[in-house]
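J.: With chain A's structure known, arrange chain B on it following the hints.
Protein chains: 2
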Amino acid sequence: MVISQTSERGRRRRGRSADAAPPPSRDVNYRQLKNPFPQMEVFPAEHIADMHETALRTLQKLGVKVLLPEARRLFAAGGARVDEDSEMVFIGREIVDAAVASAPKSILCRAGARHRDFTLELGSLVFQPGAGAPNATDLERGRRPATGQDYLEFLKLTHHFDVFQMISPQVEPQDVPTHLRHYFTTQAQMELTDKFPFFFSRGTPQVMDCFEMLSTARGLSDDEFRGNAHCYTIINTNSPRTLDIPMAQGLIDFARHGQMSIITPFTLMGAMAPITVAGAITLSHAEALAALTLTQLANPGAPVCYGTFTSNVDMKSGAPAFGTPSHFQASLAAGQLARHLGLPWRSAAGSASNINDVQAANENQFGLWGCLMAGASVVIHSAGWLEGGLTVSFEKLICDAEVLNMVAELCAGAQAGTAEIGFDTALREVEPSGHFFASSQTMERYNTEFYQPHVHDYANFGTWTERGSVDANHRATAVWKQILDEFKAPPTNSDRLGALQDLIARRTSEGGAPPES
Amino acid sequence: MVISQTSERGRRRRGRSADAAPPPSRDVNYRQLKNPFPQMEVFPAEHIADMHETALRTLQKLGVKVLLPEARRLFAAGGARVDEDSEMVFIGREIVDAAVASAPKSILCRAGARHRDFTLELGSLVFQPGAGAPNATDLERGRRPATGQDYLEFLKLTHHFDVFQMISPQVEPQDVPTHLRHYFTTQAQMELTDKFPFFFSRGTPQVMDCFEMLSTARGLSDDEFRGNAHCYTIINTNSPRTLDIPMAQGLIDFARHGQMSIITPFTLMGAMAPITVAGAITLSHAEALAALTLTQLANPGAPVCYGTFTSNVDMKSGAPAFGTPSHFQASLAAGQLARHLGLPWRSAAGSASNINDVQAANENQFGLWGCLMAGASVVIHSAGWLEGGLTVSFEKLICDAEVLNMVAELCAGAQAGTAEIGFDTALREVEPSGHFFASSQTMERYNTEFYQPHVHDYANFGTWTERGSVDANHRATAVWKQILDEFKAPPTNSDRLGALQDLIARRTSEGGAPPES
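One line per chain: the protein sequences are A and B, in this order.
Per the numbering used here, the very first residue in the first sequence carries number 1; after that it's consecutive.
Per the numbering used here, the very first residue in the second sequence carries number 1; after that it's consecutive.
Hints listed in this document are in silico derivations from the structure and should not be mistaken for laboratory results.
Nothing here was measured: the structure is a model prediction, and the numbers come from that model.
Zero decoy hints are in this set.
Copies of the same chain look alike in the list, so a pair counts if it fits in one copy or across any two.
With a straight-line Cα cutoff of 35 Å, these simulated DSBU-like cross-link-like pairs (lysine-lysine) come out:
id : residue 1 : residue 2
1  : Lys61     : Lys105
2  : Lys316    : Lys481
3  : Lys481    : Lys156
4  : Lys156    : Lys34
5  : Lys316    : Lys65
One chain only, chain A, in its complex shape:
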């Protein structure tokens, strides 16, 4: 303890303080963050305008293939030219302009408890862990197809860290049958966390089930449910220029019920998108605008989050790469386009590494800074994501959460008033070659001034060696196990959860709801 090195005066001072009340420990709100980083532009404004114009031209002249007949009908009713034979939809710019105008600039996201609510808009900053992986991995159990247990454990870890404001579908619980899986994941989200939940768009029957389960568990009337965003889905277009059936259904269903779609063309430069950042983001922008337009045609004013997830492939192997300079620049370009529209938007970090190693850390953080400097409102895959999304790692989630916590600390800022500059309480108190362990300013702040890490270790080499030379990856194993051991679910309403269980039992007995494909 440094404090044991304090001078007599310092000890007395601390003694007094200890008599009165224990010194406060650090408490920073990570639940509602504002992005404090200056926003970076990769292209001049006139080129961003060119990209927007080219996207509009792409939608009007080249069109988008829309596989769902109902979606084509909505586009046609909105004034788009539709070729039913080819399923192509050609969307005029005035239709897109109207949709951008009616999309809300600010979205209140209502969680299961008021202190978990947050607002999505340009300037807000929300994180969620890696999502959608078929596999889970950790150092004790190895890499395996993810199970329901993995899903529950990741959900608990996500709940634990305040810096994850949204729940993500971290892994697929592959041992749960697909026609019942949405019951499992929804029940878990209602019982184990009060954070903002996620539902897949795998067809209208499943989505309607999820809405009903959520309303039941959270005690929401139909009007209350429709009055705000209480949950979200992620909509990936099929690049290039295709919107498939479950995605189009999801856009329509979520919009009609006032729930939030996060639209994400997942475009890999050089593969399913042009090889340039400018070309790939122009395509992504066109696809995002098409999807966004569908939400507003279904329900003007429906909450919708613009987005992209664009990185490059390795042209030697065709393999996806993440956390690259091109990924970073793509985030910046998407941010400029989102600001051009004035809409909240999502981007993504991520890693191509196969394990939680130095590559995984460096790629994830590099991509993260791209998102932060691009002004992303939501950063998806910000923790735990490996193999370009094929696996979520328990240890990586813990290690990445450390970085996100430190970013959240930067959101809180610092002060430089008279008390902090401390001419009288620090600078003048200490003689040349002295130390500040016992200065008045230190005594007031030693317990609260600095972020306390959960996995980073500051022990010197000798101490660290004596303790077994455990690297951050293996320390992270101990961290996630402790969090799971000590996990307590937030307060819930047992009547409502009982009703939820009854609802799930009834639907299950009726045969569940298979996913749309």
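T.: Using the frame of chain A, we list chain B on its own:
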């Protein structure tokens, strides 16, 4: 090869191009970088002004202890009040103002070859690897007290990566006697690299030796040598408020010969500096101004680089921490003060981790982004630094160089003209659900569009497993070994190097020059 997936058209196109000339490979200049990142402010401008005022008040009212009599004489001659008994120097603000006014805003750093020259000023971006460590470590040979061989190997690695524009004193060659060590390190720098060299300030005799060796090896007349910065030293003040004998001598010697001092109070918040970012940086600023003033009193207009290296200690253990939110904020505050002065400045990344693990990667990169967003002209310890500076790691240097290369790629920017947006050469060529592997735009750019990593691996899990499941750390071992195996020194002038060897032999036979302490 992705290219094998190209269509007939694509293959023909590539075939034609191959007949004419091989496609160009990517070539980006990493040697002269401009910082492309928007600069972040942690404190409002009026509080930065308060910090500057408080630093001036600290210098005038509290004073600085200056152990070197000659330095005290220079301060006294410049108008400072000096108390010889206490060795305290009280520096009035007009003296500091004059020094800041005469310090150059832009410093041309002349390396051993013109394409290695760079300019230090606000807006430029220069990296150097971890410096000053007593130990070296790698996965094959383990952690050990560094030797001459380690010094030479790190020098070769530093030379290899263009993104290191400056040579740093990575490790101490502890098997070389201290009175001869500067001959060893200077000869190595003159023979193995043409980058901008470093000399320690360990007393006037060693520094004069180094200047003579450099002039001999690079064929510089006395006027040519003094006419530009051809080398640099790092000056650490002894915080709080002390300037020791070798550091003060170094400031005077480098200034009188027109060579560059990089001034770096190394201040740990809560230990040798106030616990707050504002207090610690105010102290650091005061000390940097005192040292900078001494250079200008010794030789007005002498090249001097403002700087800081400020992080926090862990208040539970007293151990130094790096890559923390407070470290990040300290860089931001120092950048604001440097811009207040208008001077080029240095900051630092770094890690407290004991090995090249995920913590080491995340801390180093987190600290790096603090430096980048703070607008640091020079980022020291940007690669390889472990244990808060007690060790430099071969593998970490390789892994961090990957991140720095990616930052350098961001410095190069991206384009979004008609060719890059590619409506005709990409977007229109590919039908819905098609791919861009063979689009005209891809064919033109597949070999040059993306950064190619040296240690990051994009292989999928199956391939990576077949190849032995080698993590980035162990892949880095293979990378540094290959670089060393294939190392070729840049062209040198054998007559001059012969003269350098003669000079070193003569000085060695005369007994060398022991360091000042």
